[in-house]
Amino acid sequence: MGRRFLHRVRTPSRPAITEPNSIHLQPTSAYQRHKPPNMSLTAEQQDNFEDIEKQFAVKAVQHMTTYWSILEKVPGTKLRLTKIDDEIYEHFKKEFPDYDPKATINEDEMKSKAGKERWRNFINHYEKKVDDYNFGTLLRSNPAFEYGQDETIFAVRMQFYALEILRNREGLNDWIYEKAQGQKAS
1 MGRRFLHRVR TPSRPAITEP NSIHLQPTSA YQRHKPPNMS LTAEQQDNFE DIEKQFAVKA
61 VQHMTTYWSI LEKVPGTKLR LTKIDDEIYE HFKKEFPDYD PKATINEDEM KSKAGKERWR
121 NFINHYEKKV DDYNFGTLLR SNPAFEYGQD ETIFAVRMQF YALEILRNRE GLNDWIYEKA
181 QGQKAS
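Using the working numbering, read the sequence shown as starting at 1 and increasing by one per residue.
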């Protein structure tokens with residue numbers, strides 16, 4: 001089997017996306033524009049999707065371990081995650097005034113139809129302000145726990161930023177730094 005390459009495709013109406021061995025073609029007839037997509041994949045395409053999933057998993061784990069490593073070196077209360085942490089914090093407090101940062105995230109509520117709509121409105125505000133605002137990442141479901149199989153959920157990067165900025169401002173992540181420094185001293 002030959003080597004598969006990923007090509008960057010950019011159109012004026014959407015950001016660059018990565019697609020396997022593709023070029024962007026505009027449909028030429030009304031039928032083609034409204035025709036449902038072909039859902040069958042060749043073995044090569046399936047392998048490439050699996051490669052993309054693996055790459056995503058590696059990136060998500062790298063992001064998770066990098067963030068945890070930073071929290072071990074710097075108290076969360078002194079940490080800035082973006083250039084616009086203050087704006088994100090104020091916007092989140094305004095849009096989610098009843099959110100308890102100490103509580104475990106109710107993933108079913110977060111991913112319900114109403115929850116998705118509420119989060120989508122919040123997240124889309126940062127489309128032009130935050131790089132990778134809609135990339136998938138891993139998020140601890142409760143600030144009192146380390147990352148773990150049962151304590152980690154899949155989220156969008158802006159959800160991660162909003163919730164972790166809130167947790168940091170409330171001092172809920174400082175225990176990670178204190179624990180790491182205590183282990184260093186021992």
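In short, the hints are calculated from the structure, not lab data.
Honestly, I wouldn't trust all of these hints.
[Claimed, not checked] Derived DEER-like restraints, expressed as beta-carbon distance ranges: (1) G171 <-> E50: 39 to 47 Å; (2) I70 <-> E95: 21 to 29 Å; (3) F154 <-> E87: 33 to 41 Å; (4) S69 <-> G171: 16 to 24 Å; (5) V61 <-> W175: 21 to 29 Å; (6) I52 <-> Q181: 32 to 40 Å; (7) E50 <-> E90: 39 to 47 Å; (8) I52 <-> K78: 17 to 25 Å.
[What the hints assert, rightly or not] Derived DSSO-like pairs (lysine-lysine); straight-line CA-CA distance at most 27 Å: (9) K59 <-> K179; (10) K78 <-> K93; (11) K128 <-> K78.
None of these values were measured; they are calculated from a predicted model.
The C-beta atom is built at its ideal place from N, Cα and C for all residues, glycine as well.
> Of the hints given before, which are not true for this structure?
Replying inline: Hints 3, 8 contradicted; others consistent.
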